[in-house]
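Generate the whole structure from the sequences, applying the supplied hints.
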Amino acid sequence: KQEVTQIPAALSVPEGENLVLNCSFTDSAIYNLQWFRQDPGKGLTSLLLIQSSQREQTSGRLNASLDKSSGRSTLYIAASQPGDSATYLCAVMASARQLTFGSGTQLTVLP
Amino acid sequence: KAGVTQTPRYLIKTRGQQVTLSCSPISGHRSVSWYQQTPGQGLQFLFEYFSETQRNKGNFPGRFSGRQFSNSRSEMNVSTLELGDSALYLCASSGPRGLDTQYFGPGTRLTVL
Numbered sequence: 001k002q003e004v005t006q007i008p009a010a011l012s013v014p015e016g017e018n019l020v021l022n023c024s025f026t027d028s029a030i031y032n033l034q035w036f037r038q039d040p041g042k043g044l045t046s047l048l049l050i051q052s053s054q055r056e057q058t059s060g061r062l063n064a065s066l067d068k069s070s071g072r073s074t075l076y077i078a079a080s081q082p083g084d085s086a087t088y089l090c091a092v093m094a095s096a097r098q099l100t101f102g103s104g105t106q107l108t109v110l111p
Numbered sequence: 112k113a114g115v116t117q118t119p120r121y122l123i124k125t126r127g128q129q130v131t132l133s134c135s136p137i138s139g140h141r142s143v144s145w146y147q148q149t150p151g152q153g154l155q156f157l158f159e160y161f162s163e164t165q166r167n168k169g170n171f172p173g174r175f176s177g178r179q180f181s182n183s184r185s186e187m188n189v190s191t192l193e194l195g196d197s198a199l200y201l202c203a204s205s206g207p208r209g210l211d212t213q214y215f216g217p218g219t220r221l222t223v224l
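Protein chains in written order, with my numbering: chain A, 1 to 111; chain B, 112 to 224.
It should be emphasised that the hints constitute simulated quantities derived from the structure, not laboratory data.
All figures in this text were calculated on a predicted structure; none of them were measured in a lab.
Ideal placement from N, C-alpha and C gives every residue a C-beta, glycine not left out.
Hints may be right or wrong, so weigh each one.
[Claimed, not checked] Subject to a maximum C-alpha distance of 20 Å in a straight line, what follows is the list of computed EDC-like cross-link-like pairs (lysine to aspartate or glutamate):
1. A:K42 to A:E3
2. B:K168 to B:E186
3. B:K124 to B:E163
4. B:K168 to A:E3
5. A:K68 to A:E56
6. A:K68 to B:D211
[Said to hold, decoys possible] Just some of the chain A residues that point at chain B, by a computed CB distance under 8 Å:
7. Y31
8. L49
9. Q98
Next up, the structure:
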């Protein structure tokens, strides 16, 4: 059974810092890995999707990497801003077409 | 292009009642998935539909059911509501393979009293 772990559970940083969020998964037989952000009481916003054959994806200040063999992914956020404050969720998709989610990292960026 | 829409946004029901939630996917998307989010269990997969057929189902009791219509809109139904069914129910749509980027709706907040 696939399990996804995210560390740390919560993170507080001053504005302008670069930061890394970590995600690990137990079964490397995945199709892709997706990073989402969730604002309180809202739905999920897709940030980046990495296919299993890819090593990284970039979008603006965000960069996500994938090491399938070791079961790890990182989300790098450059020059953090207060508007980046949210919960960041990592999810992997395997053949069953269902996402298995981690429990998330709650990020607070202090002005 | 309009995003995934879910109705209603909020629902309050009492134990024993049943409820139907609706999801309209992004235009052209034919795969629709449902997830339950609770503080204790996080996000858990309910089921996935494509072309009116359920392709996959998560580990939930039979009280949870769904369907998909020919226009790809989907509904999920929960019968005999329990207090533990209180949750945010999220719908996601994606391309035909169901393996592409999942786009989520804003969710329906269900409270069972």
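Now for the hints, and whether the structure bears them out:
1. Restraint check for K42 of chain A and E3 of chain A: the C-alpha separation of about 24 Å exceeds 20 Å, so the hint is violated.
2. For the proposed pair K168 of chain B and E186 of chain B, the alpha carbon gap of about 14 Å is at most 20 Å, so the pair holds.
3. About 28 Å separates the Cα atoms of K124 of chain B and E163 of chain B, which puts this hinted pair outside 20 Å; it is violated.
4. Of the pairs offered as hints, the one joining K168 of chain B and E3 of chain A holds, with about 18 Å between alpha carbons and a cut-off of 20 Å not exceeded.
5. The straight-line distance between the Cα atoms of K68 of chain A and E56 of chain A is roughly 11 Å, inside the 20 Å bound, and the hint therefore holds.
6. Taking the CA atoms of K68 of chain A and D211 of chain B, the gap is about 17 Å. The hint holds against a cut of 20 Å.
7. Against a cut-off of 8 Å between C-beta atoms, the interface hint on Y31 of chain A holds, since the closest Cβ of chain B lies about 5 Å away.
8. For the restraint placing L49 of chain A at the interface with chain B, the shortest Cβ-Cβ distance is roughly 5 Å, inside the 8 Å limit, so the hint holds.
9. The interface hint given for Q98 of chain A is met, as the beta carbon of that residue sits about 4 Å from the closest beta carbon of chain B, less than 8 Å.
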